[in-house]
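Student: Top line first, the protein sequences correspond to chains A and B. 1 is the number of the first residue of the first sequence in full-length UniProt numbering; add one for each residue after it. 1 is the number of the first residue of the second sequence in full-length UniProt numbering; add one for each residue after it.
No wet-lab data here; the hints were simulated from the structure. The structure displayed is predicted, hence computed values, not measured ones. Some hints could be false.
Given that identical chains are not distinguished, each listed pair holds provided it fits within a single copy or across any two copies.
To be verified - Below are the BS3-like pairs computed for lysine-lysine, each with C-alpha atoms no more than 25 Å apart in a straight line: (1) K421 with K94; (2) K98 with K11; (3) K11 with K552; (4) K193 with K548; (5) K262 with K441; (6) K147 with K188; (7) K98 with K507; (8) K98 with K580; (9) K285 with K164; (10) K580 with K441; (11) K552 with K94; (12) K287 with K130; (13) K570 with K548; (14) K262 with K193; (15) K441 with K548; (16) K570 with K350; (17) K4 with K287; (18) K285 with K130; (19) K441 with K350.
2 protein chains.
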Amino acid sequence: MSPKITTELLKQLRQVMKSPKYVQEPVQAYIVPSGDAHQSEYIAPCDCRRAFISGFDGSAGTAIVTEQHAAMWTDGRYFLQAAHQMDNNWTLMKMGLKDTPTQEDWLVSVLPEGSKVGVDPFIIPADQWKRMSKALRSAGHDLVPVKENLIDTIWTDCPQRPCKPLITLDLSYAGVSWRDKIVALRSKMAERKVLWFVVTALDEVAWLFNLRGSDVEYNPVFFAYAVIGMNTIRLFIDGDRMMDPAVREHLQLDSTLEPEFKIQVMPYGSILSELQAVVAGLSPKEKVWLSDKASYALTEAIPKAYRYLTPYTPICIAKAVKNSSETEGMRRAHIKDAVALCELFNWLEKEVPKGTVTEIIAADKAEEFRSQQKDFVELSFATISSTGPNGAIIHYKPVPETNRTLSVNEIYLLDSGAQYKDGTTDVTRTMHFGTPSAYEKECFTYVLKGHIAVSAAIFPNGTKGHLLDSFARSALWDCGLDYLHGTGHGVGSFLNVHEGPCGISYKTFADEPLEAGMIVSDEPGYYEDGSFGIRIENVVLVIPAETKYNFKNRGSLTFEPLTLVPIQTKMIDVNLLTQKECNWVNDYHQKCREVIGAELERQGRHEALRWLIRETEPLIRVQ
Amino acid sequence: MSPKITTELLKQLRQVMKSPKYVQEPVQAYIVPSGDAHQSEYIAPCDCRRAFISGFDGSAGTAIVTEQHAAMWTDGRYFLQAAHQMDNNWTLMKMGLKDTPTQEDWLVSVLPEGSKVGVDPFIIPADQWKRMSKALRSAGHDLVPVKENLIDTIWTDCPQRPCKPLITLDLSYAGVSWRDKIVALRSKMAERKVLWFVVTALDEVAWLFNLRGSDVEYNPVFFAYAVIGMNTIRLFIDGDRMMDPAVREHLQLDSTLEPEFKIQVMPYGSILSELQAVVAGLSPKEKVWLSDKASYALTEAIPKAYRYLTPYTPICIAKAVKNSSETEGMRRAHIKDAVALCELFNWLEKEVPKGTVTEIIAADKAEEFRSQQKDFVELSFATISSTGPNGAIIHYKPVPETNRTLSVNEIYLLDSGAQYKDGTTDVTRTMHFGTPSAYEKECFTYVLKGHIAVSAAIFPNGTKGHLLDSFARSALWDCGLDYLHGTGHGVGSFLNVHEGPCGISYKTFADEPLEAGMIVSDEPGYYEDGSFGIRIENVVLVIPAETKYNFKNRGSLTFEPLTLVPIQTKMIDVNLLTQKECNWVNDYHQKCREVIGAELERQGRHEALRWLIRETEPLIRVQ
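Take these sequences, add in the hints, and give me the full structure.
Tutor: What follows is the structure, given as structure tokens:
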């Protein structure tokens with residue numbers, strides 16, 4: 001991977017930062033956030049402005065360019081990748097390390113007095129705008145909205161915004177009709193005494209209307225906004241996709257409906273003016289609800305007195321708690337996904353010793369096996385297929401320049417997942433196709449102990465996920481090892497593979513308490529720069545737990561793994577496990593054997609079935 | 001404990017809330033916070049306004065009185081106590097429970113439109129003011145400062161503000177001279193480019209000048225403020241205590257000093273006007289630093305442009321990391337404290353079966369034994385001496401009405417500590433003087449497992465204490481038990497028994513990372529309402545840890561118990577311990593025997609020594 005040469009681009013950007021054509025007054029710094037106008041994590045090619053200007057294309061990062069400097073903030077998952085992809089014009093700011101300045105502090109330290117810092121108001125979330133604006137103002141600078149995106153002005157071959165056909169999601173998948181979701185939303189609005197709700201996140205629009213799309217890779221969403229009133233529904237969406245009879249039928253666009261369920265379809269680009277019109281019609285005390293992460297542009301359109309902001313929208317919270325159709329769908333999706341992985345690992349075991357399997361070939365093969373499964377739609381994120389030192393690059397994606405051949409001498413880490421019409425998967429397994437070293441086994445076993453500590457944790461109702469994060473680290477910490485990422489994220493149901501408002505991370509505090517029906521990942525790891533990476537990830541469902549004393553009837557929760565793929569026992573140093581941990585592994589493998597075994601049998605995949613049975617032999621711990 | 005009848009008082013308060021003598025416009029609600037003008041946790045009798053109006057005298061709580069309602073917010077430690085002490089005029093708001101409204105939300109729900117909510121601007125911290133003012137304003141109400149404290153206007157027999165003599169702290173105790181502390185503070189000020197620093201917390205003033213006082217019970221502090229400039233030192237303090245030759249000598253008030261170390265002594269009450277004078281002399285960009293928890297009155301005195309607020313002051317952070325004189329002093333204090341407790345427990349073992357020892361007698365006896373130790377000053381908090389059901393009242397203090405007799409049939413919980421000139425102690429032991437039930441032993445053992453999990457935890461440098469909280473709960477959670485308080489708090493060195501900026505609690509997120517030299521408590525518990533309470537508390541010192549892989553030279557930390565008092569083995573169900581936990585208990589008891597045994601021997605306390613030896617017999621775990 002050679003870095004992108006950005007000298008010329010930065011020169012152009014610095015020119016437009018001073019050009020009266022684009023800015024009322026010159027800006028001394030320009031912020032290029034990661035996201036799009038919906039604060040999406042995965043973005044369409046036309047929105048990859050930060051990657052365009054810097055070369056760094058990881059999923060999280062913020063670039064800031066001043067007259068003298070260009071700096072990139074990203075987190076531990078991407079330190080190596082960013083360092084590889086960016087040229088010497090750029091300074092990497094490692095978030096989470098003690099000495100790394102915040103963007104605000106850094107700006108204050110490098111800017112000349114009384115500077116203007118520009119940003120696209122549609123791209124920056126309102127909460128970030130507020131924090132940054134305040135910090136800059138208190139140091140005598142100004143954050144200013146720059147209407148025209150300055151990257152777009154220099155990006156001559158910028159791709160078009162996608163506008164792909166929609167998928168309608170049947171009640172058997174969604175569990176609740178869009179009408180019932182609207183009713184539930186309006187009742188939350190009534191509780192908070194707000195009259196309007198603006199849906200800005202793409203997965204929230206998709207979830208609300210039981211529609212899916214493919215405008216963004218990996219996330220089955222489509223570019224749209226919605227504005228929900230107590231008697232009106234407005235959907236802002238472009239293209240001829242509303243002409244699709246299936247979509248018209250699904251949304252009952254041509255039916256005689258009670259007026260409060262009649263959907264008005266409007267152009268995507270009219271959201272700001274329509275929102276302004278809504279606001280103009282408000283009486284005092286009437287409020288508009290939107291996420292505090294919505295764009296500064298939309299948030300500013302609502303005067304403060306009418307604004308009702310929350311960190312998590314009622315849709316975000318409702319979406320996180322899966323209904324029984326969704327959990328059953330997630331179970332089915334994970335069974336199919338495990339079948340594909342059993343096939344893959346059986347195939348790799350035979351092929352890797354021949355020295356012909358590269359990271360890309362392995363990733364493609366994984367996709368091929370997945371695509372054979374019913375209701376497969378696409379991958380849920382870019383497959384991390386990494387062997388040896390590449391495994392230490394936490395969010396690595398193999399490209400021809402880095403593509404390494406799998407061998408019997410190196411650890412192989414595969415973090416992959418898919419979108420099926422019934423659910424979303426995300427699973428990481430770390431394998432050795434030869435003989436792992438004692439040190440590799442030791443590290444793997446600590447990671448496994450952390451994985452089990454979270455998966456088997458019992459905790460009272462009302463507990464937030466971040467309180468479980470240290471459980472995943474304890475065994476690593478005891479030996480002086482750690483990993484620089486959170487332990488888990490919420491997972492959507494045939495939706496975004498990363499979703500809020502719950503998760504398991506030392507980094508968040510504002511997460512919502514875990515509830516039965518929520519689905520998160522459990523994925524501790526260990527990474528040795530230049531040598532190998534280890535991660536063990538299951539998607540797990542929050543379920544009620546049974547305990548001896550039941551928290552004085554407060555009730556309690558634990559996790560049920562939805563992912564049912566063997567954990568390679570060859571990598572485990574059994575003597576480092578307690579008997580309880582050993583039993584956990586054996587019980588888990590027993591369940592893999594039963595559930596996935598039956599499906600492999602049904603699908604007639606006998607060789608993979610034999611592999612599964614071999615890989616799920618019980619561990620025996622010598623006391 | 002019968003509740004305080006507050007009908008008449010509330011009537012009077014509601015009258016002054018409307019009286020033009022005290023308020024410009026009537027206030028529809030009046031907030032009575034817990035604290036004093038320094039946001040102290042322990043307060044002088046003249047500042048116990050919330051206890052006066054409500055009857056509830058726990059250390060944390062906020063009262064709000066409206067025309068119709070009176071409500072009290074407090075946390076899990078005080079639910080039972082508050083319910084016992086307040087009459088039917090009051091509604092108890094249980095903080096931390098899901099359905100309990102915040103003060104702001106509650107106010108909005110009960111107030112008529114356009115209400116005014118009053119509060120004493122010297123008593124409410126600026127950060128609370130800001131949060132509450134914003135929430136009220138967005139609901140159409142106003143938070144207004146009421147200059148005269150309305151409780152004081154109806155409190156006819158309010159005691160005088162104390163003004164007791166000072167204690168000067170020798171360099172051998174303090175480790176660093178006040179001059180060097182001022183130099184270090186000024187260098188932090190220079191780093192942040194601020195010209196002035198306002199010291200508002202009483203323990204920060206005491207620490208900075210190496211002075212102690214006794215204006216407030218349990219906390220060796222005195223009423224004072226300080227304003228530190230780059231070339232000036234102003235100390236705001238009342239009374240003739242500055243006439244004491246030892247104090248004058250200590251502060252070098254009569255010496256010829258470099259002007260930047262010359263202390264100007266000013267009246268306590270002149271802080272606001274002097275601060276206003278400082279501010280009046282500022283040029284643009286010159287800043288004044290103070291805690292964001294300082295009073296609204298002082299914060300407002302500094303116009304926003306000149307204000308530099310941080311959640312923790314540089315003094316708070318420096319004070320938390322003990323120097324070697326302080327840690328050595330803390331060790332000595334804990335050895336003396338353990339001697340006193342060995343004497344006490346030996347005495348209780350003999351006396352309890354006679355049925356003559358009440359909770360108050362036991363608490364007095366504990367104080368008597370402590371007072372025999374060198375450099376004893378006073379207790380560090382009100383002794384929690386509680387038996388049977390009283391033990392379930394987390395911050396119980398025995399009073400004649402509740403005073404229960406210790407017996408061989410009930411669990412006894414003693415949470416106590418002292419101020420010695422060389423250090424502050426805080427220790428909880430839970431004992432049974434007869435035969436504990438299997439259930440009591442089971443609960444005790446889970447609490448012990450949690451205590452050990454924290455005490456023996458190893459974690460990388462930079463870890464915040466709140467990430468360790470769940471370790472203390474894991475064994476309890478597994479069986480469906482929990483406790484409604486944090487696991488640990490910072491402990492001062494001959495200063496406040498509760499201090500920031502570190503701690504171990506699920507409730508905080510803004511704590512500073514743990515560092516070697518910090519001192520915290522480790523005190524998980526379990527409470528069965530109406531039956532018993534269990535808590536096991538040691539004060540522990542953060543020390544560097546040795547690990548196999550040392551976090552890639554990031555380094556790691558663990559804890560060393562400073563408290564060396566046997567944990568009653570009779571209460572332990574050994575079969576519930578792992579071998580590692582069993583070894584921890586045995587090693588701990590071995591250290592108690594060696595260190596405290598030697599001191600008991602030296603002090604000629606042979607009977608207590610025999611008790612110690614018996615109580616520290618190794619546990620044997622049957623596999």
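Student: Does each hint fit the structure? Answer for all of them.
Tutor: Hint-by-hint comparison with the structure:
no.	hint	result
1	K421 with K94	neither (38 Å within a copy, 45 Å between copies)
2	K98 with K11	neither (32 Å within a copy, 54 Å between copies)
3	K11 with K552	neither (65 Å within a copy, 39 Å between copies)
4	K193 with K548	neither (42 Å within a copy, 57 Å between copies)
5	K262 with K441	neither (60 Å within a copy, 64 Å between copies)
6	K147 with K188	neither (34 Å within a copy, 41 Å between copies)
7	K98 with K507	both (14 Å within a copy, 23 Å between copies)
8	K98 with K580	neither (37 Å within a copy, 33 Å between copies)
9	K285 with K164	neither (40 Å within a copy, 54 Å between copies)
10	K580 with K441	both (19 Å within a copy, 23 Å between copies)
11	K552 with K94	between (45 Å within a copy, 16 Å between copies)
12	K287 with K130	both (20 Å within a copy, 22 Å between copies)
13	K570 with K548	between (35 Å within a copy, 23 Å between copies)
14	K262 with K193	within (22 Å within a copy, 60 Å between copies)
15	K441 with K548	between (35 Å within a copy, 15 Å between copies)
16	K570 with K350	within (16 Å within a copy, 59 Å between copies)
17	K4 with K287	neither (47 Å within a copy, 43 Å between copies)
18	K285 with K130	both (23 Å within a copy, 22 Å between copies)
19	K441 with K350	within (22 Å within a copy, 56 Å between copies)
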